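> Each chain, letter by letter, is given below.
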Amino acid sequence: MLGYTIKRLLQMVLVLFVVSIIVFLMMSFTGDPVFMVIPIDSTQAEIEQARRLLGLDQSLFSQYWIFLSNLLQGDFGRSYVFRQPAMDLILERLPATIEMVLVAMAFATVIAIPLGVYAGANPNRTASRGIMAGSLFGISLPGFWVGMMLIYFFSVRHPLLPSSGRGETIEILGLRLSIFTADGWSHILLPAVTLALATLAIILRITRAGMMEVMRQDYIRFARAKGASRTHILFAHGLKNALIPVVTIFGLQLGDLIAFATITETIFAWPGTGKLLIDSIYRGDRPVIVVYLMLTAFIFVVINFLVDIVYTVIDPRITVK
Amino acid sequence: MMNLRMIATKGILFAGALLLASTALSSQLDAKSLTVGLTSDAVNLDPQAGEELSSNILFYHIYDPLVRRNADLTFGPGLAESWKLTDDTTWLFSLRKGVKFHNGEELKASDVVFTLDRLKKSLMANLGANIASFKAIDDHTVEIKTPRPYAVLPNDLAAVLILNEKYVKEAGDEQADLKPIGTGPYKLVEWVKEDHIKLEANKDYYAGPAKLDTVIFRPITNGATRTAALLTGEVDVIQDLNVRDVERVKTDERYKVLTRPSLLNVVLSIDQRDKSPTIDLDKNPMTDRRVREAMVRAIDVSAIKKVIMNGLSTPSEQYVPASHTGYVDGASFRDLYPFDPGKAAALMAEAGYADGFTVTLDATNNRYVNDQQIVQALASMLGKIKINLKLNLMPKSNFFSYIRVPSDKSSLIMSGWDVPSGDGGSMYSVMFYSRGKKEGYGQVNRGSYSNAQVDDLIDKADATSKLVERDEFLQQATKILMTDIPMIPLHYEQDLYAAKTNVEITPRADKFLWAYQIDVKE
Chain A
1 MLGYTIKRLL QMVLVLFVVS IIVFLMMSFT GDPVFMVIPI DSTQAEIEQA
51 RRLLGLDQSL FSQYWIFLSN LLQGDFGRSY VFRQPAMDLI LERLPATIEM
101 VLVAMAFATV IAIPLGVYAG ANPNRTASRG IMAGSLFGIS LPGFWVGMML
151 IYFFSVRHPL LPSSGRGETI EILGLRLSIF TADGWSHILL PAVTLALATL
201 AIILRITRAG MMEVMRQDYI RFARAKGASR THILFAHGLK NALIPVVTIF
251 GLQLGDLIAF ATITETIFAW PGTGKLLIDS IYRGDRPVIV VYLMLTAFIF
301 VVINFLVDIV YTVIDPRITV K
Chain B
322 MMNLRMIATK GILFAGALLL ASTALSSQLD AKSLTVGLTS DAVNLDPQAG
372 EELSSNILFY HIYDPLVRRN ADLTFGPGLA ESWKLTDDTT WLFSLRKGVK
422 FHNGEELKAS DVVFTLDRLK KSLMANLGAN IASFKAIDDH TVEIKTPRPY
472 AVLPNDLAAV LILNEKYVKE AGDEQADLKP IGTGPYKLVE WVKEDHIKLE
522 ANKDYYAGPA KLDTVIFRPI TNGATRTAAL LTGEVDVIQD LNVRDVERVK
572 TDERYKVLTR PSLLNVVLSI DQRDKSPTID LDKNPMTDRR VREAMVRAID
622 VSAIKKVIMN GLSTPSEQYV PASHTGYVDG ASFRDLYPFD PGKAAALMAE
672 AGYADGFTVT LDATNNRYVN DQQIVQALAS MLGKIKINLK LNLMPKSNFF
722 SYIRVPSDKS SLIMSGWDVP SGDGGSMYSV MFYSRGKKEG YGQVNRGSYS
772 NAQVDDLIDK ADATSKLVER DEFLQQATKI LMTDIPMIPL HYEQDLYAAK
822 TNVEITPRAD KFLWAYQIDV KE
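The listed protein sequences derive, respectively, from chains A and B.
With the working numbering, letter number 9 in the first sequence gets 9, and the count goes up by one each step, no holes.
Take any residue in the second sequence, count from 1 to its spot, add 321: that is its number in the working numbering.
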């Protein structure tokens, strides 16, 4: 287990290193960030001064070298635009995103798994066919459209929920959180549902496929013959064996939503990190993009690691090496 | 038996409580507040760290300039009560006495000197390009020297916001950006990034406290969500109303739509070099004035307005709007060269290009309203006179470094230009002055236009300290430019706002929404 953890850590360092190089190279194609910061009619002298202030007067290689050596001292660089540490900018927005994603994932899981088990166990019932048809909508409807429709119906037509923003927050351990206030919940509902829809549909379909596979196995027949209750068969024998792919997808979706909830955040004016990424790309703000993508890679590595651990819990035959 | 006195006492207590409650309620009603939906969050609150629109809007709430730019682009006293010229290049600004920063410090000439000094070393050094030196004469007088006679120095100073020397030095650059201190009509209460910025009226404001006690700015990037936030009552005013939502908001009597032409002139710069980068001919056809005139006549700006801009654009008459120096009364591209494809084709033939030529147009696809559709329309319009337009579209982050002078890769460029200082000269000197002749002149002359007469007139305009003379020289330059056609002005974008009916707001020419001049009726 320790060896496995160390191996994973080394892999992570390698991944982060490669990501940083790729982003640096990519950013050299996206135009000169100086012109995103200063007035267009600046003179050559003013441009040089701005380059110097931003550290862009060095070659790309030495810029990367400076970035790397600062990184080893725990300094992730400063945004060209905000003139603040890039990591601070991201961390300040991260709680909002994680909060929304966790609520969305909770919605998705709580709804998808029972429905998936039902549809998998009774594939020929009309209700199951209905569920499967419904899940197709979840996969194929674009998030921005769903978001706009939800705002239209629940905020504009029937003013039940606010259209945008995060609402009242309280500070816990220095983190600004909204899920502990009623106002916060009324704000989080629509974006979380929007975000949950696609994940819900995917998890539902994977659960169903797994269940259909498992329900044909001999040990299910045996459990029935033994006289185990139907719920017990479905959840203890069936679901547990169908869960491995579900956990894998869950992990991937979780990482994906944390890193790239951009569209939902933009539609609901949710003050999260996804918007920061898009804005930074538009503004050529390389330090933020580099740190953001490295953080994303880090999150994915950690989630995959946790998923591997969960495998061993679900299925004792699996060990991590 | 019931004690009558007790009942009476209870009654009085109850009435008292009611009274208390009602005064509390009415004082809450008296405190007016306004929530504004902006298109994006402010990036900086340090006015020397950046200059995008949302930040600019916030700057003028928190800080004051020496010279105030009014909503209609007229200029008046700000922190400077008055100013005078002592010789052609020396200006004396008298500061208002008793003006206090939000931290209680009194405004002194040394703060102005500190501000200008810091500005010169900052990313925004360009704002102080026409300031050569400055010093404090006494606590309330500042002397500013310009490098040459420069009649519009006060206009320039309207963009320079005054910082508190003591605070910025103590707090450092980063804190000064996050927790700004100025003399402005509003103080920052809190700034939750991407969520809201809350301001509260500065009771000691030198021109009297603002009518609205609290102002909240909320960044709502998605246009449809912004409209929804207005319709649900979450915000009172929104900036940049979606064109497709105009009808929806107009038909509801609880809201009003406000609109005015912006200062942003969308223009086509035409390459004037003998050989042009994207034209596969030995001689650049666009050096022939007849070809340029043909191009103007081939472009139907009113069709662009009707079909692409939904009626929300104002075809440009000249390079600068009527409020600016350099504008010539009554002269218009639209009257000089009205849309006439027949005449355009004839001019092309006369110039020897009846068969046309192929040229690339560089443009953005995310900077100006409907920029992509506009250039597609231009391609089909110019196609009628056999100018085969190839489109080279890119996002703005690539565009501005791609087209940058010396514009080695470009023959035709569509971009926008606005002059919030109200002075045409600041545009002419950087866009129409011959390249490379003088430092600070011609650095965005993308088409390499060069006319000794125009250079001379700009020199003359920049050699007088009298505004009337400056205007006169610039107008002469405008007349030459309108004959030479180094650029084709297309249209001004329209600014759109929507507000609740009870909000009293007049859109400003410079788009800098200012709560100090907004009120809410009961």
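Note that these hints are calculated values from the structure, not bench results.
This structure is a prediction, so every number in the text was calculated from the model and none was measured.
Ideal Cβ positions, reconstructed from N, Cα and C, are used throughout, including at glycine.
Hints may be right or wrong, so weigh each one.
For lysine to aspartate or glutamate, the following EDC-like pairs were computed, each having C-alpha atoms within a straight-line distance of at most 16 Å [claimed, not checked]: (1) B:514 x A:48; (2) B:717 x A:279; (3) B:514 x A:171; (4) B:441 x A:48; (5) B:821 x B:840.
Cβ-Cβ distance ranges computed for the label pairs, FRET-style [unchecked claim]: (6) B:790 x A:66: 27 to 33 Å; (7) B:464 x A:70: 41 to 47 Å; (8) B:842 x A:15: 28 to 34 Å; (9) A:175 x B:686: 46 to 52 Å; (10) A:73 x B:777: 55 to 61 Å; (11) B:424 x A:145: 45 to 51 Å.
> All hints, please: hold or fail.
Checked hints:
{"no.": "1", "hint": "B:514 x A:48", "verdict": "30 Å, violated"}
{"no.": "2", "hint": "B:717 x A:279", "verdict": "12 Å, holds"}
{"no.": "3", "hint": "B:514 x A:171", "verdict": "15 Å, holds"}
{"no.": "4", "hint": "B:441 x A:48", "verdict": "13 Å, holds"}
{"no.": "5", "hint": "B:821 x B:840", "verdict": "11 Å, holds"}
{"no.": "6", "hint": "B:790 x A:66: 27 to 33 Å", "verdict": "51 Å, violated"}
{"no.": "7", "hint": "B:464 x A:70: 41 to 47 Å", "verdict": "43 Å, holds"}
{"no.": "8", "hint": "B:842 x A:15: 28 to 34 Å", "verdict": "59 Å, violated"}
{"no.": "9", "hint": "A:175 x B:686: 46 to 52 Å", "verdict": "38 Å, violated"}
{"no.": "10", "hint": "A:73 x B:777: 55 to 61 Å", "verdict": "57 Å, holds"}
{"no.": "11", "hint": "B:424 x A:145: 45 to 51 Å", "verdict": "49 Å, holds"}
Hint compliance for this structure: hints 1, 6, 8 and 9 are not met, and every other hint is.
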